[in-house]
Amino acid sequence: MIITIIKFIICSVLIVVISKYILVGTLRKLAESLNLKAKTVGDIAGYATSVPELLTITTSSIRGLAGASIYNILSSNIINLIQYLGAIIINKNGQKLRKKAIKIDLILVIMTIIIPIILLRFNIELNLAIVPAFIILYTFFRFLNNNVHKLYLQKEDKEIELEIEKEKRWEKGNKRKIIKYCIILVITGVLLFIIGEILGNTLEKLCNIFNISEIIIGTLLGFITSLPELITFFESQKHHKKENDTMLGVVEATNNLLTSNILNLFAIQTIGILIIAIRSAFT
Numbered sequence: 000m001i002i003t004i005i006k007f008i009i010c011s012v013l014i015v016v017i018s019k020y021i022l023v024g025t026l027r028k029l030a031e032s033l034n035l036k037a038k039t040v041g042d043i044a045g046y047a048t049s050v051p052e053l054l055t056i057t058t059s060s061i062r063g064l065a066g067a068s069i070y071n072i073l074s075s076n077i078i079n080l081i082q083y084l085g086a087i088i089i090n091k092n093g094q095k096l097r098k099k100a101i102k103i104d105l106i107l108v109i110m111t112i113i114i115p116i117i118l119l120r121f122n123i124e125l126n127l128a129i130v131p132a133f134i135i136l137y138t139f140f141r142f143l144n145n146n147v148h149k150l151y152l153q154k155e156d157k158e159i160e161l162e163i164e165k166e167k168r169w170e171k172g173n174k175r176k177i178i179k180y181c182i183i184l185v186i187t188g189v190l191l192f193i194i195g196e197i198l199g200n201t202l203e204k205l206c207n208i209f210n211i212s213e214i215i216i217g218t219l220l221g222f223i224t225s226l227p228e229l230i231t232f233f234e235s236q237k238h239h240k241k242e243n244d245t246m247l248g249v250v251e252a253t254n255n256l257l258t259s260n261i262l263n264l265f266a267i268q269t270i271g272i273l274i275i276a277i278r279s280a281f282t
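Under numbering that gives the first Met the number 0, the first residue of the sequence shown carries the number 0, and numbering increases by one thereafter.
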C-alpha cells in the first residue's frame, strides 16, 4: 500500500519535472531556433504542456476509468486559467487583456470549461457519438484563434516578421541545434510514455485499495498535470519582458493556455473515448 502511494507521488513528480526541465524547454529552444512568432511558440508550448494530460487520460482510459478522465480535463482547464490569470497579475500585464484577440481567446478558454461542466451536469455519456462534435469544435476554435490574431494583432506580427528577416534562419549551427532538440524530444517522449504506463498501473491499484472515487482521482491528476502550464505562463512573460515587449509575452502565454485547453477537451478526451470504445469491444 505504502509502495503504491510512493510510486504515484514519484511518477507524478517525474512527469512534471521532465515536462518542465526537458520537454517544454527543448520545444521552446527549437521554436526559437526556427525564429517562430510568439503565437506559434505559445501553440507549441501548449502541445508540450498537454503531454501529461495525454498520458494520464490514455492510461486511465485503458484501465476503464472513464469518469476520472473528464474530471481530469475539467480540473486541468480550470487550474490552467487560474494559473494564467495569476501569472498575468503578478507580471502586471492586466492591461494587455484589453486586446480584442486576447479577449476572444479567453472567451474560448472559458468555453473549454463550460462544455465539460455541461457534459457532467446532464450526465451526457462520452461515447463515439460525441467524437465528431469534438472534432468540429476543435477545428472551429483553432479557426477563430488563427483569424482573430491575423485581424487584431497585425502590428505585432509585422514587427516579428521584420525581426526574422534580419536573421539567417538556416545557419549551420542552427541545423545542428535543431537535430539535437529533435533527438531530445524523441527520447523525452519515450520516457514520458514509460512513466505514464507506471502511473496508470498505480492509479488502478489506488482505486482498488482505497476505493477512491474517480472524481477525486481525476481532480488530483488535473492539478498535477497543470503544473507545466504554470511554469510556461511565467517563463513566456519573463522572456519577452527582458526584450521590452510584454505584449508578445501575453500573446504567447494566452496561446499556450488556449491550445492546452482545447487539446485537453477535444483532442485528448477524444483519444480517451476511442480507447474506451476499443477496450469495450474486446472485453
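Note that these hints are calculated values from the structure, not bench results. One or more hints might be untrue.
What the hints assert, rightly or not - Derived SDA-like pairs: lysine to any residue, alpha-carbon spacing no greater than 20 Å straight-line:
id	residue 1	residue 2
1	K179	I81
2	K95	I214
3	K19	I1
4	K99	L150
5	K102	I129
6	K102	N34
7	K19	K102
8	K240	L150
9	K99	I215
10	K204	V189
11	K176	L33
12	K179	L80
13	K95	L80
To be verified - What follows is a set of in silico ranges between Cβ atoms, one per label pair, in the way DEER data are often shown:
id	residue 1	residue 2	range
14	K179	T39	17 to 23 Å
15	T282	I186	31 to 37 Å
16	C181	G93	19 to 25 Å
17	F121	N210	34 to 40 Å
18	K102	T282	25 to 31 Å
19	L273	N122	33 to 39 Å
The beta-carbon is built from N, C-alpha and C at its ideal position, and this holds for glycine as well.
Hint by hint, here is what the structure shows:
With a C-alpha separation of about 34 Å, the suggested pair K179 and I81 falls outside the 20 Å cut-off, and the hint is violated. Straight-line distance between C-alpha atoms of K95 and I214 comes to about 36 Å, which puts the hinted pair past the 20 Å bound. At roughly 27 Å between alpha-carbon atoms, K19 and I1 are farther apart than 20 Å, so this suggested pair is violated. Simply put, K99 and L150 have alpha-carbon atoms about 9 Å apart, close enough for the 20 Å limit, and the pair holds.
Between K102 and I129 the alpha-carbon distance is near 28 Å, which puts this suggested pair outside the 20 Å criterion. Between K102 and N34 the alpha-carbon distance is near 26 Å, which puts this suggested pair outside the 20 Å criterion. Distance restraint check for K19 and K102: the Cα-Cα separation of roughly 27 Å exceeds the 20 Å cut-off, and the hinted pair is therefore not satisfied. Between the alpha carbons of K240 and L150 the distance comes to roughly 24 Å, so the proposed pair goes past 20 Å and is violated.
This hinted pair does not check out: K99 and I215 have alpha carbons roughly 37 Å apart, beyond 20 Å. Simply put, K204 and V189 have alpha-carbon atoms about 23 Å apart, too far for the 20 Å limit, and the pair is violated. For the hint linking K176 to L33, the alpha-carbon distance of about 10 Å falls within 20 Å, and the restraint holds. The straight-line distance between the Cα atoms of K179 and L80 is roughly 33 Å, outside the 20 Å bound, and the hint therefore fails.
Between K95 and L80, the direct Cα distance comes to roughly 16 Å. Compliance with the 20 Å bound is thereby established for this hinted pair. Under the hint 17 to 23 Å, the C-beta atoms of K179 and T39, about 20 Å apart, fit the expected range. The hint said 31 to 37 Å for the Cβ distance between T282 and I186, and at roughly 34 Å that hint holds. Our hint of 19 to 25 Å for C181 and G93 is violated, since their Cβ atoms are close to 37 Å apart.
Under the hint 34 to 40 Å, the C-beta atoms of F121 and N210, about 27 Å apart, miss the expected range. A C-beta distance of roughly 46 Å is found between K102 and T282, which places it outside the suggested range of 25 to 31 Å. Look at L273 against N122: about 21 Å separates their beta carbons, and that is not inside 33 to 39 Å.
Against the hints set out earlier in the document, violations occur for numbers 1, 2, 3, 5, 6, 7, 8, 9, 10, 12, 16, 17, 18 and 19.
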